[in-house]
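S.K.: Please model the complete structure; the sequences and the hints are all you need to start from.
Take a look at the letters that make up each chain.
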Amino acid sequence: MIKFSNQHSTIEEIEQFYFHSLTSLNYYFDEKSGYFIGYSRTELHQERKDHLRCLERMISLEFLTLLEASFKIDYLIRRQKKLKDELSKSLRKIYNQKGTKASLVDDILKAWKASYPANKPLIDKFQKALDYRNWLAHGRYWEPKIHPHLSEYDYLSVQLLASTILREFDLKKL
Amino acid sequence: MSRKDFEKFLKDNANKYNREENDIDWEKQKQEWLEFIEFFYNQVKEWLKPYIDQGSITISLSEKNITEDHIGSYIVNKMDISLAGATLTLDPIGTLLIGTKGRIDLSGPKGSVKFILTDINSNGFNISFKVLSDNEKHEPLNKVNWTWKIIDRNASGVKFIEFNESNFFASLMGLVN
Numbered sequence: 000m001i002k003f004s005n006q007h008s009t010i011e012e013i014e015q016f017y018f019h020s021l022t023s024l025n026y027y028f029d030e031k032s033g034y035f036i037g038y039s040r041t042e043l044h045q046e047r048k049d050h051l052r053c054l055e056r057m058i059s060l061e062f063l064t065l066l067e068a069s070f071k072i073d074y075l076i077r078r079q080k081k082l083k084d085e086l087s088k089s090l091r092k093i094y095n096q097k098g099t100k101a102s103l104v105d106d107i108l109k110a111w112k113a114s115y116p117a118n119k120p121l122i123d124k125f126q127k128a129l130d131y132r133n134w135l136a137h138g139r140y141w142e143p144k145i146h147p148h149l150s151e152y153d154y155l156s157v158q159l160l161a162s163t164i165l166r167e168f169d170l171k172k173l
Numbered sequence: 000m001s002r003k004d005f006e007k008f009l010k011d012n013a014n015k016y017n018r019e020e021n022d023i024d025w026e027k028q029k030q031e032w033l034e035f036i037e038f039f040y041n042q043v044k045e046w047l048k049p050y051i052d053q054g055s056i057t058i059s060l061s062e063k064n065i066t067e068d069h070i071g072s073y074i075v076n077k078m079d080i081s082l083a084g085a086t087l088t089l090d091p092i093g094t095l096l097i098g099t100k101g102r103i104d105l106s107g108p109k110g111s112v113k114f115i116l117t118d119i120n121s122n123g124f125n126i127s128f129k130v131l132s133d134n135e136k137h138e139p140l141n142k143v144n145w146t147w148k149i150i151d152r153n154a155s156g157v158k159f160i161e162f163n164e165s166n167f168f169a170s171l172m173g174l175v176n
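Top line first, the protein sequences correspond to chains P and U. The numbering of the first sequence is numbering that gives the first Met the number 0, which starts it at 0 and goes up by one. The numbering of the second sequence is numbering that gives the first Met the number 0, which starts it at 0 and goes up by one.
Note that these hints are calculated values from the structure, not bench results. Check the hints yourself; a few may be wrong.
To give an idea of the chain P side of the interface with chain U (calculated C-beta under 8 Å), a few residues [as the list claims (entries may be wrong)]:
| id | residue |
| --- | --- |
| 1 | 37 |
| 2 | 38 |
| 3 | 39 |
| 4 | 43 |
| 5 | 143 |
Sample of chain P residues with no beta-carbon within 12 Å of chain U, all distances over it, derived [to be verified]:
| id | residue |
| --- | --- |
| 6 | 16 |
| 7 | 30 |
| 8 | 122 |
| 9 | 130 |
Cβ atoms here follow ideal geometry from the backbone N, Cα and C, with glycine treated the same way.
M.R.: Pasting the structure below:
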């Protein structure tokens, strides 16, 4: 049995963190700051851009792990509350076989697709985004040739995916 | 915002831009920068001369084109310094940079060292911010007595190190070893 930490983020917290960090970066990378003495404007803009890209990757990872946590929490809560709907029954069946070791993609998302076929396109998008999540989480050390779609993801696309899923799906919360 | 406001905004800012641009003699700025590069290279050559004469160091110059706003394109020399099995390059970056009259980078196998023109009395500063109101202006830089220094930038701020023979040799060694 898992003891919930209650330390998972909410989408609002992640968005607020991004907003404050972005604003801070924009203030920091300023020609008036003595730290950048000797920089050309191009170098300053490039360094700001590099830091912004780093921030956006961190935030994208945070969004995707939030989605992962949301589906896992939902999986455990549906079982705890013994809900009677079709999805809860499917998930409970998985829990009885695999417990907390159920796979997000092969078990939980598969059950969601079976119970809510209309949501399949969105779940497929999330599954593809999980390749991006793995690339980020494992240090981006390989060239994503086998997953060319990784280049499609940035802060906005991941934020949009996360907000749509959290709004459209009946994910049970703590 | 109305079209009228927008047109006023464009006009006001265009006039401001032109005023600032016209106040500066860009050709003079460029010539001064080229003289500072020349001074830098002469100083380096003087320090390296005994080793060049011995044959343990060789130097060579190659042309490089720099393009900067207002000034346009001009040619400067880069200097390759070969020593201890490695080649380091002195590379002038430009004169229209933030808070300085010019910068030359020395790059080698282990990284780079940056030389900038700064006020002779400046030793560096800690990171601080000041947001200027609309009526405030930056302090003018026209009374600066420019001199070459090595810039050491780290998380706590910026420090300027004297551009002298000892520190230049330390830079060379640090970029090779």
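S.K.: Each hint: holds or not?
M.R.: Now the hints, each set against the structure:
no.	hint	verdict
1	37	4 Å, holds
2	38	5 Å, holds
3	39	5 Å, holds
4	43	7 Å, holds
5	143	29 Å, violated
6	16	21 Å, holds
7	30	5 Å, violated
8	122	44 Å, holds
9	130	35 Å, holds
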